[in-house]
Every structure is written in structure tokens, then in C-alpha cells.
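K.L.:
Below, each chain spelled out in residue letters.
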Amino acid sequence: MAAADAKGRNQDRIGPLNFTAEALVEETIGMQSKLGAGLETLRDVGDYGYGATEREEVWRDGKTVLYRFHPKKQALARTPILVCYALVNRPYMIDLQDDRSLVKGLLERGQDVYVIDWGYADRSDRYLTLEDYIERFLGGAVDFLREKHGVHGINLLGVCQGGAFSLCYAALHPEKVRNLITMVTPVDFQTPDNMLSNWTQGLDVDLFIDTLGNVPADLMNYSYLMLKPFRLNMQKYVGLVDILDNKKALEDFLRMEKWIFDSPDQAGEAFRQFIKQFYQGNGFVNGGITIGDREVDLGFIDMPVLNIFAEQDHLVPPDASKALKGLIGSEDYTELSFRGGHIGIYVSSRAQHEVPETIHTWLVRRSR
Amino acid sequence: MPGMGGMMGGAMPGMTGAPAGWREAMAFWNNAAMGIQDHGVRNVADRMNAQASTWWSEMQRMAAQLASRNADAAGIAKQWRQVMDGQGNQAVLDMFKGLQGAESHSLEAWYDAARPWLDAWRRETHGWLGMPAFGLAREHQERIQTLLQSQVDYQDRLSTYNTLLLKASQDAVGVFETLLAKHEEPGKQLTTARALFDVWVDAAEQAYAKIALSDEFRHVYGEMVNAQMRLRQQVQREIEQMCSVFGLPTRTELDAAHRKIAELERMLRRQAAATKPKPAAESPVARKQARKKAATSTARTTDGKRPRSR
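Line by line, the protein sequences give chains A and B. Mind the numbering: the first sequence is residues 27 to 394 in the numbering used here, read in order. Mind the numbering: the second sequence is residues 4 to 313 in the numbering used here, read in order.
Only chain A is shown next, with the shape it has when bound in the complex (with noise of 0.2 Å):
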């Protein structure tokens, strides 16, 4: 057999694996030598705490908070936006740190940002139900800026579940939004790919928040990690001996390992009408989404509409988004679709300049 060159492998070896006993002995010290790096660069993180950019809270009913982030010059936008995030994680993902940050990038631009933190619900929440959220909370932020403001329709930029939220809001009071952002939103819940709603086809959800009352964060967790779980738990622990040496990259795991984990239990009752309308019955698509005695229907959406979706999304597929466009009334839809996953269209080193730029350029446009 031929001689190895300098990385191990060997010209004529066949198969698949192409590796001498001295290049794995190699590679097992370069990686346990991370690992006894690791042990100091552990004890050494600095502050891994989350959001860069200072903001004041501005507006409040219960545990709900509208909180304007403080512009780094100027706000040259008239009309704010207000960005409507999903329940089931915290909101400081847009503003996780300064090198990751969707909420800078506008502010930057000139853009005047607020968001809703709908908090953690506990069991008084309980009977929350998605008018309570939608209309109460939502509509609560949107009028209270609509007055601040002067305007007779706000910016709306819904994430995710949040998106879901904002498509309802925009169907049922259309005169309130001047301009609809929706990013990596599900609309529909049907798709073949769509995990999540495979599972939520055979459950009983009734009997589910009967017996929880509300929904426990860590059972959200799971089911996330459950869609790739070689992937998310496996391969990215393996990986992070990578950068157990490296006190910036270990912080910058470490912040977004503690918002992955920092979800708040969801409202018992509000997780049942979402399951049951929007999972269950795709209600975007099959009608049947009724928030109080109001139904919801996408045709009333007539304000532009910017449709942000991930190619690589695991949890809200590319389809389940772009199916927005043969349901909305609008005449005015664009499409970005960014080339990431779920959370790389925030946190990603490309999405800081292409998404912020994006929805400014966009929405600058529409206010000539």
C-alpha cells in the first residue's frame, strides 16, 4: 500500500473512508485539546445576555408590553412598524446581539421599530383566547400607535405564529395596516412537508388542554428538537467542541442556546383554537378561522404585502408561506425568499444586511 500524505489519506485506498490510525489519533487530540480549552473558556464568558439595542416600554395591558426600541438617529419613517412576534418563543430573537440584530438593521435605515412581548403566561392565563390576543393585545398596540403616531395605519411585521396573528388582524381591520410584512409566517398548515402538522393531525386537543391547562414550555421544546433530533442535539453538541476554544463564538452559543430554551408556556386555551382552526383545519386555506365572532378572510388583506420566507425552513416550510399569494386581496405582493433556515434569517451573518434592507427599500417605496 502506498505511503499516506501529509493529511492521512492514501491514493490507493477504496471505498468510502479514506483515514490512517495516525490522522484519527490526530484528529481525537485536536478535538480533546478543545475540550480542556473549553473548560477555561467556560469559566471566562463574559455577559451572553440578550438584545443590543436600549428601548422603553411604552404601552401595557397585563402581561403584554409594547416596547419602542430607541433609534440610533433620526426616525425619517412617518409610520412605524410594529412587529408582532409568535407566542411560543421570546422576541429578543430580532434583537438578540449587536453583530446579530434585525431590529438595528431598520433602526439603522431610519426606521421607527416597536414590538409586543406577550410575556409568560402562567395559569391565570389560562382562558386567553386568540381574540384575546389578536384583538385585545394586538389591536390594543396597533391603536395605541395609530393614535402616538398620527397615522390611520401602521407597518405590520408579524414572525412566524406571529405572522398568522397579523394576517388575522390585517383580514379583520384592513383600514389599520398600511403595509403587511410577513416573515417565515405559516399560512398553510397542510403542506406534505410540514412535520409539526403531522403530529397535530392525530391529537386530541381537546382532551390535551383539558388535562394541561396550559401548555408547558419544555413540551414545546421537545417537539422542536424532536423535528431533527439527530441534528439539533447530537451533531450540534459534537460541533460545539468546535468552538470550545473561542470565548466570542462560545458566547454567541451560549446566547442563542439560552433563547432556544427560554420559552413560555403557552395560554391553554388560545393553543387549542390555533391547533384546532389553523393546524387542523388550515384554516388560511379551507376557511373556518373565526377570531370572537369574526370570520377571517385572506381576500380582505388589500394593503401591499412583503412575504419573507426561509428555502431551508424545517419548521415553517418555503410552501406553507408562499401560499399566501393566491389568497390574499392585495394587488400588491412581493416575495423574498432567503436562502437559510428558520433562525438564520435573523441571525445569519447575510440576513443582517439582505432582510433589513430588504423591508426598508420595500416599505420606503410604498410611502412616496
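Treat the hints with care, since some could be wrong.
[To be verified] Not the full set, but computed from the structure, chain A residues with beta-carbon under 8 Å of chain B:
{"no.": "1", "residue": "F45"}
{"no.": "2", "residue": "E53"}
{"no.": "3", "residue": "S150"}
{"no.": "4", "residue": "L154"}
{"no.": "5", "residue": "L198"}
{"no.": "6", "residue": "F234"}
{"no.": "7", "residue": "D244"}
{"no.": "8", "residue": "M252"}
{"no.": "9", "residue": "R257"}
{"no.": "10", "residue": "I369"}
{"no.": "11", "residue": "G370"}
Hints in this document: simulated from the structure, not taken from any laboratory. Computed from a predicted model, the values in this text were never measured in an experiment. The beta-carbon is built from N, C-alpha and C at its ideal position, and this holds for glycine as well.
For this one, chain A is given, so just place chain B on it according to the hints.
P.N.:
Okay, now just chain B, sitting in the frame of chain A:
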């Protein structure tokens, strides 16, 4: 890090000798990391130890056996199947269980916590469990019988669910072989154990996704969750029964109070919205004109549509 180099043989700069096994290194590392105070860091270290130890260690071991040898995709896959069989089904199920975290309120964690109580009930009632209920304690007996039957049902459903998860891991070996075959050409060969591990992860995900998206999984998963909910309801009923004996408020009573408050708040909001003076709205004509103008400035637009119900 004092001591670490000794443990790891050649792992630390300046040290000589062969490195220790990965699992041993991880165990040592995790022990040393115990002293880290930060809760978030500690959690990550725990998850890393739980998830990056067993399977990566096994893959390294297999790679070492295959180093400097010609092995085809089928041979490697066969050897990996033996490794998995050697680990036993429980190791695969532990991997899935490990996703739930130590302090979890997830399905299995609940069952682990409840099982000692359920088993105790089963032991106490063993003698009369299968007997027809009659006499003064008949309702109590019926409730316990229903509860313990719910436990049996749940265990059956859980077992069926676990069987599907195991099938996914078995199917992964076949996919592993297929993916490995794509690396047989020169230039595409895998040159590290890590690359081999990554191919197995790809295979495991592909096999798992196929099952997780199937109608069978939908049914089996739903049945498993529903069965646990029925069991939980029975347990909760017993606990409420005990609470009422001691005059303690129950969850049902608290829920009723919360429901009343939520309904009252909703009613008030609706009334306030109905009576609130509405600010001057933008005229529909002005809105339409503004939106028409915006629509002409966009590059990509949809065809005009009307609302379903308009």
C-alpha cells in the same frame, strides 16, 4: 487545566501517548465542569455531555477499526449496525429521551415522576383490582381501576411509539450505506471520523423524517399523547379527591375563577370597543388610491383577486 492533560494522554499540548477514549474524556470533562456556577453554561455542559458522548465515541471507535483498511459502504454500514445492536435499543431511546432535559416538564419526565405513585397504587390495590366494584367503596374502586387501566393503555401506546423510533434508527443504517456509497469515488472519500459521523447524522435524519412524516407516525404519536392525557386526568382526579377531603382548593376551582375573570375582561373590552368614539378614518377612496399607486411601483405583483366573501 490541571489534571486534564494526564487524563487525556496526548490531548494536551506537550503531552505524549495515545488519547483516552472520547467517552472517558467527556466524563472527565463533565466532572471538571461541575464547578461552573453559571446555570446557563452548566445546562449546555450537561446537554453536551448527554448528547455528544455515546454515539460520537462509538463512531470514533469504529473509525479506528476501519483506519488504513479498504472497506466498502455495505461493510461499514454492517459494522455500524452491529455497534447499534451492541448498544441496545435503550441507548437509542435514551438519545430521544435526552432531548427533554433533566428538569423537563415533558411527557416522559411527567411519567417518570408519576410512576412511583402509580406503582404504589397498583401494589395496594392488587388484590381487588380485577374484582367487580360493589359496596361502600365501589366508586373509589372504579376510579382506581380506570386509572390503572389508563396506565396500562399508556404503556402500550408508548411501546408502539418507541418501536417506531427504533425502526427509524434501524432504517438509518440502510440510508447510511446509500450515502456512504456516494463517497466511494476518489476525491469524495471521507478523511476524518467526524465526516463519517456527519454522514451518519444525515442518514439518521433522512430515515427519521420519512417515518415522522408518515400517516403511521401521525396515528401512533397522537395515540401515545392522548393516552398520557387520559392517564394524567385520572391522576389529577385522584389528587383533587384527596384535596377535597382536606378542604384544600383544587385546580378545577382555580380554573373556574380564572375563566370567570377572562370572560369578564373580554366582555368589558368588547363593550368599550363598541362605545369608543372612532377616530376619523381614512376614506376608502383615498386608501384605494394610495394602494393603487404603491402597487404600480413594485416589480412583482399578483393578479387582482377579490375576497371570498366580499
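K.L.:
Each of the hints needs a verdict: does it hold here or not?
P.N.:
To see whether the hints hold, each was checked on the structure:
no., hint, result
1, F45, "holds (5 Å)"
2, E53, "holds (5 Å)"
3, S150, "holds (5 Å)"
4, L154, "holds (6 Å)"
5, L198, "violated (12 Å)"
6, F234, "holds (6 Å)"
7, D244, "holds (4 Å)"
8, M252, "holds (7 Å)"
9, R257, "holds (6 Å)"
10, I369, "violated (17 Å)"
11, G370, "violated (17 Å)"
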